[in-house]
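Q: Sequence:
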Amino acid sequence: MNINGKNLKSMLLLSFMLVLAACSKKDDPTPDFQEENLAPLSVEFDSIVGERTLAFDNTGSPYKNAAGEAFTVSRIQYFISNIKATTASGNTYTVKQDSSYFLIKGDDKATRFAKVRVPEGDYTNLTFTLGIDSLRSTMPIDKRKGVLDPAAGGGMEDGGMYWGWNSGYIFFKFEGNSNVISDDVNGDPTGKKQMKYHIGFFGGYSAPTLNNIKVINVDLRTAGIAKVRKDRQSNIHLFVDLMKVFNGKNAFKIAEKPNVMFDDFSAKIAANFQEMFRHDHTEN
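Going by mature numbering (1 follows the signal peptide of the UniProt record, and there is no 0), the letters in the sequence shown line up with residues -21 to -1, 1 to 263, in that order.
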């Protein structure tokens, strides 16, 4: 192959740029951990169902749980709060509470990112809460703004995430349909074959209740640590597998438990939450 001078210069320039880029990637020393030296970090909550992407009301291709029950999804919403990140050297930063409450809605891609600011550093571990802590749940209404506004989203039958009678939040709202649901009081008397899983309870205010708040811990070392710097946007991409609601360690059949809200079984579903979250990769 004949290479003229112009082509040779181009090849040399390209080689130089590739070497420079490789060196730049390697030359990325870990900055000193300083709490006032904040940089952007986002956590992406990407809903899936088993090995399939989430699609709403897909009656033509429903999902199937481990019991072989076919179902569709019509709504998924949940609260993420109290985000913490830990570096390889063991420094943990807790995002300021007023900046650490997010309502993730499966049908609204704008809400799938929890965007926070943490000190520059290399983070190997992420911790967050699924739910709303008791302190915030019992604060005066004027201290609960934005996604925590009890009036936000409409009533409980719509997008609302607050039980007025219980002065508490619905941490996790998962709704859909399945033909295995009976038409009597043990299923859905309306005949619409609806399933509803509204999981809440923070332990109680004036009287003790169940505590379904769950702390989720994610090890970032296998799929990629978060290199948080001021000059870039680091994003931790998590898959949230809704199938684990049914197929987690406390597996159950939709036909037997089509509606769970205020009973003790809600604790068993809440115990499945840890299994829902899987770290897929990190974008730095």
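Simulated from the structure, these hints should not be mistaken for laboratory data. Certain hints may be false.
Only pairs whose alpha carbons sit at most 25 Å apart, straight line, appear in this in silico DSS-like list of lysine-lysine [said to hold, decoys possible]:
#, residue 1, residue 2
1, K75, K193
2, K124, K75
3, K88, K63
4, K193, K232
5, K236, K247
6, K124, K236
7, K75, K209
8, K75, K94
9, K209, K63
10, K94, K247
11, K228, K175
12, K43, K236
13, K247, K193
14, K122, K193
15, K209, K175
16, K232, K175
17, K43, K228
The following label-pair restraints were derived from C-beta to C-beta distances [stated by the list, open to error]:
#, residue 1, residue 2, range
18, N16, A246, 32 to 42 Å
19, G39, D11, 52 to 62 Å
20, D87, T117, 25 to 35 Å
21, E30, I120, 37 to 47 Å
22, A230, G39, 31 to 41 Å
23, D198, I120, 30 to 40 Å
24, T169, T201, 21 to 31 Å
Glycine included, every Cβ here is placed at the ideal spot set by N, Cα and C.
Q: With reference to the structure, classify each hint as holding or not holding.
A: Now for the hints, and whether the structure bears them out:
Between K75 and K193 the alpha-carbon distance is near 19 Å, which keeps this suggested pair within the 25 Å criterion. For the suggested pair K124 and K75, the alpha carbons sit about 15 Å apart, so the restraint of at most 25 Å is met. Under the criterion of a C-alpha separation no larger than 25 Å, the hint pairing K88 with K63 is consistent with the structure, at around 23 Å. For the given pair, K193 sits about 22 Å from K232 by alpha-carbon distance, which is consistent with the 25 Å threshold.
Restraint check for K236 and K247: the C-alpha separation of about 11 Å stays at or below 25 Å, so the hint holds. For the hint linking K124 to K236, the alpha-carbon distance of about 34 Å lies beyond 25 Å, and the restraint is violated. Restraint check for K75 and K209: satisfied, since their Cα atoms lie roughly 18 Å apart, inside the 25 Å limit. With a CA separation close to 12 Å, the supplied pair K75 and K94 stays within the 25 Å bound.
Proposed proximity of K209 and K63 is supported: the alpha carbons are some 18 Å apart, at most 25 Å. A C-alpha spacing of about 30 Å is found between K94 and K247, which places the hinted pair above 25 Å, so the restraint is violated. Among the hinted pairs, K228 with K175 is consistent with the structure: their alpha-carbon atoms are about 20 Å apart, no more than 25 Å. Straight-line distance between C-alpha atoms of K43 and K236 comes to about 16 Å, which keeps the hinted pair within the 25 Å bound.
The hinted pair formed by K247 and K193 meets the criterion: a straight-line CA distance of about 12 Å does not exceed 25 Å. Our distance criterion of 25 Å between C-alpha atoms is met by K122 and K193, whose separation comes to about 23 Å. Annotation: proposed proximity of K209 to K175 is violated, straight-line Cα distance about 43 Å (limit 25 Å). Of the supplied pair hints, the one linking K232 and K175 holds, its CA atoms being roughly 13 Å apart against a limit of 25 Å.
Proximity of K43 to K228 is assessed by CA-CA distance (about 17 Å); at most 25 Å being required, the pair is judged to hold. For N16 and A246, the Cβ-Cβ distance of about 41 Å falls inside the hinted range of 32 to 42 Å, so the restraint holds. In this structure the supplied range 52 to 62 Å holds for G39 paired with D11, their Cβ-Cβ distance being about 55 Å. Between D87 and T117 the C-beta distance comes to about 28 Å, which sits within the given range of 25 to 35 Å.
At roughly 42 Å, the beta carbons of E30 and I120 sit within the given window of 37 to 47 Å. In this structure the supplied range 31 to 41 Å is violated for A230 paired with G39, their Cβ-Cβ distance being about 26 Å. Taken as a hint, the range 30 to 40 Å holds for the pair D198 and I120, whose Cβ atoms sit roughly 38 Å apart. Restraint check, T169 to T201: a C-beta distance of roughly 46 Å breaks the suggested window 21 to 31 Å.
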